[in-house]
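Visitor: Chains as they are written, first to last, in our numbering: chain A, 1 to 287; chain B, 1 to 374; chain C, 1 to 373.
Source of the hints: derived by calculation from the structure; they are not laboratory data. Worth double-checking, as some hints may not be accurate.
[To be verified] Result set (EDC-like, lysine to aspartate or glutamate): computed pairs, CA atoms no more than 16 Å apart in a straight line: (1) B:Lys13 - B:Asp86; (2) C:Lys103 - C:Asp299; (3) C:Lys27 - C:Glu40; (4) C:Lys344 - C:Glu357; (5) C:Lys368 - A:Glu41; (6) B:Lys104 - A:Glu194; (7) B:Lys31 - B:Glu4; (8) C:Lys174 - A:Asp60; (9) C:Lys160 - C:Asp333; (10) C:Lys361 - A:Glu41; (11) B:Lys211 - B:Asp26; (12) A:Lys129 - C:Glu158; (13) B:Lys211 - B:Asp196; (14) C:Lys334 - C:Glu158; (15) C:Lys296 - C:Glu48; (16) C:Lys284 - C:Asp76; (17) C:Lys159 - C:Asp299; (18) C:Lys56 - C:Asp41; (19) C:Lys296 - C:Asp100; (20) C:Lys361 - A:Glu144; (21) C:Lys146 - A:Glu144.
[Claimed, not checked] Restraint ranges, calculated between C-beta atoms of paired labels, are given here: (22) B:Gly128 - A:Arg9: 42 to 50 Å; (23) B:Asp112 - A:Leu195: 19 to 27 Å; (24) A:Pro180 - B:Glu223: 32 to 40 Å; (25) B:Gln135 - A:Gly193: 26 to 34 Å; (26) B:Ala15 - A:Ser275: 44 to 52 Å; (27) B:Ala15 - A:Glu194: 19 to 27 Å; (28) B:Thr59 - A:Gly193: 19 to 27 Å; (29) A:Leu12 - C:Lys71: 21 to 29 Å; (30) B:Gln135 - A:Leu11: 25 to 33 Å; (31) A:Ser275 - C:Ala258: 25 to 33 Å; (32) A:Arg97 - C:Lys262: 52 to 60 Å; (33) C:Lys262 - A:Tyr31: 50 to 58 Å; (34) A:Ile109 - B:Leu110: 39 to 47 Å; (35) C:Asn52 - A:Ile109: 52 to 60 Å.
In this text the structure is predicted, and so the values were computed from the model without any measurement. Positions of the beta carbon are idealized from the N, C-alpha and C atoms, including for glycine.
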Amino acid sequence: MGERFSAPRALLRGIPITVWMLCLVAVPLGYTFLISFFQVEGLQIAAKFTLKNYRLFFTDPMYSGILLKSMLLALAIALLAILAGYPLAYMLSFRVRRGKQALFMLSIIPLWVSYLVRIIAWRTILGNKGVINSALTSLGLIQEPLSFLLYNRFAIAVTLTYICIPFVFIPVYTSLEKIPRNIMEASSDLGAGELRTFFNVVLPLSLPGLVTGFIFAFIIALGDYIIPQQLGGTQGIMFGNLIWSQFGFAFNWPFGAALSFILLAISVTILGLTSRFGSTEGGFLSE
Amino acid sequence: MAEENAIELRGVKKAWGDVVAVQSFDVEIRKGEFFSLLGPSGCGKTTTLRMIAGLEEPTEGQILLEGHDVVRVPPYRRNVHTVFQDYALFPHMTVNKNIWFPLKMRGISLSDAGQRIDRVLRLVNMEGYERRLPQQLSGGQRQRIALARSLVDEPAALLLDEPLGALDFKLRGAMQKVLKDIQRNVGITFIYVTHDQTEALTMSDRIAVMKSGRVHQIGTPDEIYSRPATAFVASFIGEMNFLHGRRLQAQGEMPQAEVGGHRFRASRSTITGTPGSGDEVLVCIRTERVQVNSHRGTDHEVEGTVRRIVYRGTDYELTCDLAGQEVRAVVSAVDWNPELRVGTQARLGFNAADITFFPQAEEKEIVQYTTEAV
Amino acid sequence: MKRIGKNSVLVLALLCSVAVAAAAADKPVLSIMCFEGYAEDSWVKPFEQKYNCTVKIAYAGAVDEMFSKVKAAVGDYNIVSIDPGRITMYKSAGLLQPVDTSKLSNYPQMGAFFRNHPYNKLLGGGGIYHIPIVWGTQTITVNTAKLPAAQLAKYVDEKKGTISLDVLTAPEFKGKTAFFDESANVCAIAGIQIGAKDPFHFKDDEWQKVQNELYAWKKNARTFTSGLDSEFSVLSSEDAYIVLGGNDALLNLKLEEAGIRKNFRQFAMTEGTICWIDGWVITKPTSGASLDLAQKYIDMMIGGEVQTSLAKLVGFGVVNPAGAGGFSPVIKDKRSTWWYQDIKTFPAPLYIMVPEEDANKRVELWNKVKAMP
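For reference, chain A alone in the conformation it holds in the complex:
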């Protein structure tokens, strides 16, 4: 399409997106990056160059420790979201014939519900007087409510996984729908049962969607601080909460900005590394 336009016209066409990117992405990011080298004097940000914000991160093991813990949790959540979201997408794409569209909408309906409402809903499900405990108590299976369900890392993982499932489901479903059905028939025809067709054909061909879903889930989980705070109980400190505390309580925006940038750098690195595996052309898939 683009090759027909003369250079100046193509340039003109690029202006709106460039302005948009500049205003909404480049400028705020640039500003954040800039103040991460500033310091606080009194309660004001002073434009005096310093590396102490970054130095603090690298010298105090608390920050890197929490970052590592957050990354492990985010990784676990991303994998759980895939374990839950992939089979859902697979079933819907290959097994359901009628009402596919309606089921697809049902699968992504959670996205229409406010994020906070969903957190409160999970608190209601997992709490001492919550749905699970009430059910178990009324069935006589337990005497005392199970307290390990809420206010710990388990609750964070469950809720964040739930939040992330649609973000895995949508790209995976899209990539599964894109697989020509006769390729799967060919696989079956050439001697592969469903399982081997899945591992040899479906999985590699859905990898771009899977990687996209993984990245979505991982980055959402890594950056979230509301769910750890609301449902994580005394174990609820994640890297996002550290950043938040710098902006909300310490009034130390430069340090908060530095922490944000470290998180951003990690996210971008992961994005760069994993997106290479998502390609079906070249890359490791076709060795």
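Given the structure of chain A, go ahead and fit chains B and C onto it with the hints provided.
Guide: Just chains B and C now, kept in the frame of chain A:
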């Protein structure tokens, strides 16, 4: 005797609810045979093929592969492979890996499979392409890789679903030869689905002509062409004149009919039952069998007005008016008499040996392909 | 039509404001910047009538938003509602003038605690800059239905009606306690517990003690809370029975609304607690008629009538006991924040919240505690 057959269909039927896709198909396909399923789109030929592959389950009937009923056997356990119309190569695998796939499914490692892969690549003349991905190949090349992939583990039969349909005309001709040569070399049974009558006639040992789920005729190309079983087969293959006639009292062995005041005798009639005088019949003769201003004697000669002349390179197609009905005749360019022009009278000669009568009821099944329409 | 409705269509509002400005040109104007609830029609309208003036009200949603607005155009506002924690910030930015309390007829009725407390002089550098209007405490709410008196007796001082902070570390209540997730105030209360003289300015040796104390609290706690809804949810879902929180009156009202307040009792802590105050400051450029109106408005707000309205409306503690009549029975109840009626009756040491010595350090300490396994 069943062992001689690669594939046998016994009363195979396929219906989706009330819609019958294939009705009661019986055939025995011999080992090493090039067998074509020919018919217009929607005739049930692909469904039949898919039932043999196991991709569809027949509603009724038996499918025997090398003597064993495989109706309940899943596709991945049937010793037949399909070559899909759009090739269905695995886009994420190189040519090498694509061809290795059926062997891999049999537990053969890539290194062990090397020789066999090389052999089929040579067979389809695609050596040197091992490391390419399907999207780096042309249509014809992909077709050949798909073929190689299906041949590498030497299946009992190869099922080809309009394999040349997506290729351009010239390439299709070349690939027909390639396919036929390969089939002869490897000796594997081919079941070949096509809607292209030329393809079927030139390549096949036998052809099943189908329409709307029904098998009209199974026979060698010659049988199909020169002794069509129904008006549909006659119309679908080659170029045929269908004239409306009226049954006359037979004189001697041959049935007779009257067309526009002219009496025609036919060497063949598919009309069953006691012929009633005056019944309507379809009087059929191939366009290339109609003699125009010929000096050789013919059984019947009539005058017709030339309505249209179409030059087709190697020949001319002449359309004449015969008492209100159109008769087409193909005249070789070598024999062409330039005095024939639109509006002049032409002498049309017919031989009884070339004439077949079909029941009038079959007229609705006729498919007319005229040169203008193609 | 003297004041423009907030929800009017923009164009209409613009047109009207021109008209109002013209009509009110010769009337004196009082311009207020505050949080919602401190400039209600019920007393603003009579005020305008009584003094034949115009009151202009601007609202801010957050503390820093308010500060930047006032700083940007200090001349546009006469009085601002702030808490003592912000006095230094405003004062050092040169935005404030001292308040002449002799002009406030209701000032002598105000609780002596507020009048005599040195926070004003400390923060303002001598003069009185801040006139309190309402106050609130940090308290411990206990589920007495689940924890009968016998179990609590060890920690409760029934004579005073207080509970010891020791409940937070009581092994028998492990996994049954909760406290708020906010660095400055938890540090201050932990500071009170370890016996710090000034919970807002720790001495060098106190930091580690505070950290240890908070860690002990955390080890015993089921969860942290994050505001009113969170406190209510933890208590009502019985995920914790003992909650240290900062929304005492509002929490009681919410429990009452849910019909379960009879199961709960709120205590001040025997060791003492911290309290916040909202009040008024007068901006530096205010003078003449506006200054006069500013003083009159502040005076009205600490008077019995408006204090009663405030007690009714927001339910926080009143600074003038004359307003106590406005409280609902929920607040006056012995199981609730009964001390809101008169600061004099508060049963334990009370520390007015002032800017902490190092917000950063407290955040870091709190993050450390949270990060500890």
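Visitor: For the pair supplied as a hint, C:Lys334 and C:Glu158, is the alpha-carbon distance within the 16 Å limit?
Guide: 11 Å, holds
Visitor: Holds or violated: B:Lys211 with B:Asp196, Cα cutoff 16 Å?
Guide: 14 Å, holds
Visitor: Confirm or reject the claim that B:Gly128 and A:Arg9 have a C-beta distance inside 42 to 50 Å.
Guide: 43 Å, holds
Visitor: Are C:Lys159 and C:Asp299 close enough, with their CA atoms no more than 16 Å apart?
Guide: Roughly 36 Å separates the two Cα atoms, so the pair is violated.
Visitor: Do the alpha carbons of C:Lys361 and A:Glu41 lie within 16 Å of each other, as the hint requires?
Guide: Holds: C:Lys361 and A:Glu41 sit about 14 Å apart, inside 16 Å.
Visitor: When you take the CB atoms of A:Arg97 and C:Lys262, is the distance between them in 52 to 60 Å?
Guide: Given range 52 to 60 Å: holds, Cβ gap about 57 Å.
Visitor: For the range 44 to 52 Å, tell me whether the beta carbons of B:Ala15 and A:Ser275 fit it or not.
Guide: Taking Cβ atoms as reference, B:Ala15 and A:Ser275 lie about 48 Å apart, which means the hint holds.
Visitor: Is the distance from the Cβ of A:Leu12 to the Cβ of C:Lys71 consistent with 21 to 29 Å?
Guide: With a Cβ separation near 42 Å, A:Leu12 and C:Lys71 fall outside 21 to 29 Å, so the hint is violated.
Visitor: Can the suggested window of 52 to 60 Å be confirmed for the beta-carbon pair C:Asn52 and A:Ile109?
Guide: 58 Å, holds
Visitor: Can the suggested window of 39 to 47 Å be confirmed for the beta-carbon pair A:Ile109 and B:Leu110?
Guide: Given about 46 Å between the Cβ atoms, the range holds.
Visitor: Is the Cα-Cα distance between B:Lys104 and A:Glu194 16 Å or less?
Guide: 15 Å, holds
Visitor: Taking only the CA atoms, is the gap from B:Lys31 to B:Glu4 under or equal to 16 Å?
Guide: 6 Å, holds
Comparing the model with each earlier hint shows violations of hints 1, 3, 4, 5, 8, 12, 17, 20, 29, 31; every other hint is respected.
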